[in-house]
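Enquirer: Using the hints provided, position chain B relative to the given structure of chain A.
One-letter residues, chain by chain:
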Amino acid sequence: MKRAASSRETVPNLAPMVDVIMVLLVFFLLGASLDLVTQGVLQAELDPRSGPGPGAAVEIVAQVRIALEDVGDGAGAKIYVMERALADNTFEGLRAFLVQRREAGADPDNMVVVGAETTVRWRYVVKAMDAALQAGFRNVQFAVSFGGPADGDT
Amino acid sequence: MFRPPAPASMTLNLAPMVDVLMCLIVFFLLASKLVSAEHYPVNLPWAVAAREVPSQELGDRVTINVRPSADGRADRVEYVVSDWDGQQIIERLLAPEDIEALLRARAGRAGRGEELRCVVRADRDVQYQHVELVLRACGRARIAKIVLAANKGAAPARPDGGEE
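One line per chain: the protein sequences are A and B, in this order. The first sequence begins at 1 in this note's numbering and counts up one residue at a time. The second sequence begins at 1001 in this note's numbering and counts up one residue at a time.
Isolated chain A (complex conformation) (with noise of 0.2 Å):
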């Protein structure tokens, strides 16, 4: 009887296995390489004391108050500081202004409070938040209604 010859051990070659994946390792570290990506970032902190429940009846007392009023539909907003409208209603007067109050003895941590009527474009209230910024004021937050009787802005 014949007698099949013994099969030989076969190792399959893993090198070229080895090459694709190296290029995929490279693929994806350089994709996920998180140091490289960044994103521009405004930080902002809501007040401690916000949110709903006993601290949100505090009455926090900004030192500046700016707000926005829609204007044409989105168009543009009418800008308000300590309620009185800006004389020239651009974004660069009231960096001007605020830059004023600083130069005139404003502590840079003093407190800025944006706050917006609900319609108004979100990049208004960043193009005000950016002048405060810019202005040197550190410490800039948002109004935020909690809605309820007792509850007021933060």
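Rather than coming from a laboratory, the hints here were simulated on the basis of the structure. Heads up, some of the hints might be wrong.
[What the hints assert, rightly or not] Examples of chain A residues toward chain B, derived with CB under 7 Å:
#1 LEU25
#2 GLY40
#3 ALA116
#4 TRP122
#5 GLN134
[As the list claims (entries may be wrong)] List time: in silico EDC-like cross-link candidates among lysine to aspartate or glutamate, alpha-carbon distance up to 20 Å:
#6 LYS1033(B) to ASP1060(B)
#7 LYS78(A) to GLU92(A)
#8 LYS1145(B) to GLU1115(B)
#9 LYS78(A) to ASP109(A)
#10 LYS1152(B) to GLU1078(B)
#11 LYS78(A) to GLU1132(B)
#12 LYS1145(B) to ASP1071(B)
#13 LYS1145(B) to ASP109(A)
#14 LYS1152(B) to GLU92(A)
#15 LYS1145(B) to ASP1060(B)
#16 LYS78(A) to ASP1125(B)
#17 LYS1145(B) to GLU1057(B)
Cβ atoms here follow ideal geometry from the backbone N, Cα and C, with glycine treated the same way.
Expert: Using the frame of chain A, we list chain B on its own:
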């Protein structure tokens, strides 16, 4: 004369290397998916005072993208949350009323040593009320650290004379 035996052919065992490389690939695949989920295409507003920071520096965070709704109505938006819940990458549309519950649950799971941040990536053309809703949810969920995403620099001029 003595002759040394012919050297046996040597085959490099690549199997452990393949195992390690596979693990690395899975890691970076997941990491790059998270990065792309966090950089959801949104027309961010422009801000001169914005700081460019590596995402890594933001630490433990949940990202909420606010984009105009597909039907183009200014009073409607879509909220897309991007987050890593410890087991899988979440990237899904969220109803406005679910944002608070998500933030509360997420704040409860946040590490003790690190404070959770909420990254708000809102389209520049959405109305403030839609962003305010997210800020309010953060307030209710006791998340005080808010990061507003913006393009760094002055808004480029549009051909019609306006600003982007």
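Enquirer: Would you mind marking each hint as holding or not holding in the structure?
Expert: Each hint, compared with the structure:
For LEU25(A), the interface hint holds, since its Cβ comes within 7 Å of a Cβ in chain B; the closest pair sits about 5 Å apart. Using the Cβ-Cβ criterion of 7 Å, the hint placing GLY40(A) at the interface with chain B is satisfied: the shortest such distance is roughly 4 Å. For ALA116(A), the shortest C-beta to C-beta distance to chain B is roughly 4 Å, which falls under 7 Å, so the interface hint holds. Residue-level restraint check for TRP122(A) holds (minimum Cβ-Cβ distance to chain B is 5 Å; threshold 7 Å).
Checking GLN134(A) against chain B: minimum C-beta separation of about 5 Å stays under 7 Å; hint holds. For the proposed pair LYS1033(B) and ASP1060(B), the alpha carbon gap of about 17 Å is at most 20 Å, so the pair holds. In summary, the hint linking LYS78(A) to GLU92(A) is supported, as the alpha carbons are separated by about 13 Å, within the 20 Å threshold. Of the pairs offered as hints, the one joining LYS1145(B) and GLU1115(B) holds, with about 8 Å between alpha carbons and a cut-off of 20 Å not exceeded.
Taking the CA atoms of LYS78(A) and ASP109(A), the gap is about 26 Å. The hint is violated against a cut of 20 Å. Between LYS1152(B) and GLU1078(B) the CA atoms are separated by roughly 24 Å; this puts the pair beyond 20 Å, and the hint is violated. Distance restraint check for LYS78(A) and GLU1132(B): the Cα-Cα separation of roughly 19 Å lies within the 20 Å cut-off, and the hinted pair is therefore satisfied. Among the hinted pairs, LYS1145(B) with ASP1071(B) is inconsistent with the structure: their alpha-carbon atoms are about 32 Å apart, more than 20 Å.
Proposed proximity of LYS1145(B) and ASP109(A) is supported: the alpha carbons are some 17 Å apart, at most 20 Å. Our distance criterion of 20 Å between C-alpha atoms is met by LYS1152(B) and GLU92(A), whose separation comes to about 17 Å. For the given pair, LYS1145(B) sits about 11 Å from ASP1060(B) by alpha-carbon distance, which is consistent with the 20 Å threshold. With a C-alpha separation of about 16 Å, the suggested pairing of LYS78(A) with ASP1125(B) holds against the 20 Å cut-off.
Taking the CA atoms of LYS1145(B) and GLU1057(B), the gap is about 13 Å. The hint holds against a cut of 20 Å.
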